[in-house]
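*Asks:* If you're matching positions, the sequence shown starts at 15 in the numbering used here and goes up one per residue.
Derived by calculation from the structure, the hints in this document are not laboratory data.
Fair warning: there could be bad hints in the mix.
Claimed, not checked - In silico lysine to any residue, SDA-like type, Cα no more than 20 Å apart, as pairs: (1) K99 with E59; (2) K69 with N26; (3) K69 with Y93; (4) K99 with I89; (5) K69 with R39; (6) K99 with R43; (7) K99 with I55; (8) K69 with L100; (9) K69 with T40; (10) K69 with I55; (11) K69 with R53; (12) K99 with D54; (13) K69 with T82; (14) K69 with S102; (15) K69 with T37; (16) K69 with G35; (17) K99 with R81; (18) K99 with R58; (19) K69 with V33; (20) K99 with C56; (21) K69 with R58; (22) K69 with D101; (23) K99 with T82; (24) K99 with S83; (25) K69 with C56; (26) K69 with S87; (27) K69 with L94; (28) K69 with T21; (29) K69 with R81; (30) K69 with D54; (31) K69 with Q96; (32) K69 with I89; (33) K69 with R43; (34) K69 with S28; (35) K69 with L44; (36) K69 with R86; (37) K69 with A51; (38) K69 with A88; (39) K69 with I27.
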Amino acid sequence: MTQLSQTLVNRNISVIDPVSGQTHRTSIRLEEIEWAALRDICARENMSINEFCCKADRDERRREHSRTSRIRSAILDHYLNQNRKLDS
15 MTQLSQTLVN
25 RNISVIDPVS
35 GQTHRTSIRL
45 EEIEWAALRD
55 ICARENMSIN
65 EFCCKADRDE
75 RRREHSRTSR
85 IRSAILDHYL
95 NQNRKLDS
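Build out the structure end to end from the sequences listed, making use of the hints.
*Replies:* Dropping the structure here:
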């Protein structure tokens, strides 16, 4: 496995504003390993990073305070759900 640095990386994404319904750009800061996991998920699910982030941001089950926390949790949830499927 490739060793990834543990430095926060800031990137711009497009998200949908829940009030206006319009798309706007924002930035999120994730560890490089989190960006790698996000790219992996999106490639496997055939979706863009923006689509994944919008989905995580709008998920009503997510109770995290910040958008970045909701995205991080969605990444972890994805892998936990994959492991549960393998275990059953």
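*Asks:* Hints first: check each against the structure and report whether it holds.
*Replies:* Checked hints:
1. K99 with E59: 16 Å, holds
2. K69 with N26: 16 Å, holds
3. K69 with Y93: 16 Å, holds
4. K99 with I89: With Cα atoms ~16 Å apart, K99 and I89 stay inside 20 Å; holds.
5. K69 with R39: 15 Å, holds
6. K99 with R43: 29 Å, violated
7. K99 with I55: 15 Å, holds
8. K69 with L100: At roughly 24 Å apart (the allowed maximum being 20 Å), L100 and K69 break the hint.
9. K69 with T40: 15 Å, holds
10. K69 with I55: 13 Å, holds
11. K69 with R53: 15 Å, holds
12. K99 with D54: Answer holds: K99 to D54 is near 18 Å, not above 20 Å.
13. K69 with T82: It holds: about 13 Å lies between the C-alpha atoms, which stays within 20 Å.
14. K69 with S102: 26 Å, violated
15. K69 with T37: Holds, at about 13 Å.
16. K69 with G35: 13 Å, holds
17. K99 with R81: Violated, at about 27 Å.
18. K99 with R58: 15 Å, holds
19. K69 with V33: 15 Å, holds
20. K99 with C56: 18 Å, holds
21. K69 with R58: 16 Å, holds
22. K69 with D101: Outside the cut-off at roughly 26 Å; violated.
23. K99 with T82: 26 Å, violated
24. K99 with S83: 24 Å, violated
25. K69 with C56: 12 Å, holds
26. K69 with S87: It holds: about 12 Å lies between the C-alpha atoms, which stays within 20 Å.
27. K69 with L94: Judged against 20 Å, a Cα distance of about 17 Å means the pair holds.
28. K69 with T21: Violated. K69 to T21 sits at ~25 Å, over the 20 Å cutoff.
29. K69 with R81: 11 Å, holds
30. K69 with D54: 16 Å, holds
31. K69 with Q96: 18 Å, holds
32. K69 with I89: 11 Å, holds
33. K69 with R43: 17 Å, holds
34. K69 with S28: 11 Å, holds
35. K69 with L44: The hint holds at about 17 Å.
36. K69 with R86: 12 Å, holds
37. K69 with A51: 16 Å, holds
38. K69 with A88: 9 Å, holds
39. K69 with I27: Distance of about 12 Å is within 20 Å: holds.
Checked against the numbered hints listed earlier, the structure breaks hints 6, 8, 14, 17, 22, 23, 24 and 28; every other hint is satisfied.
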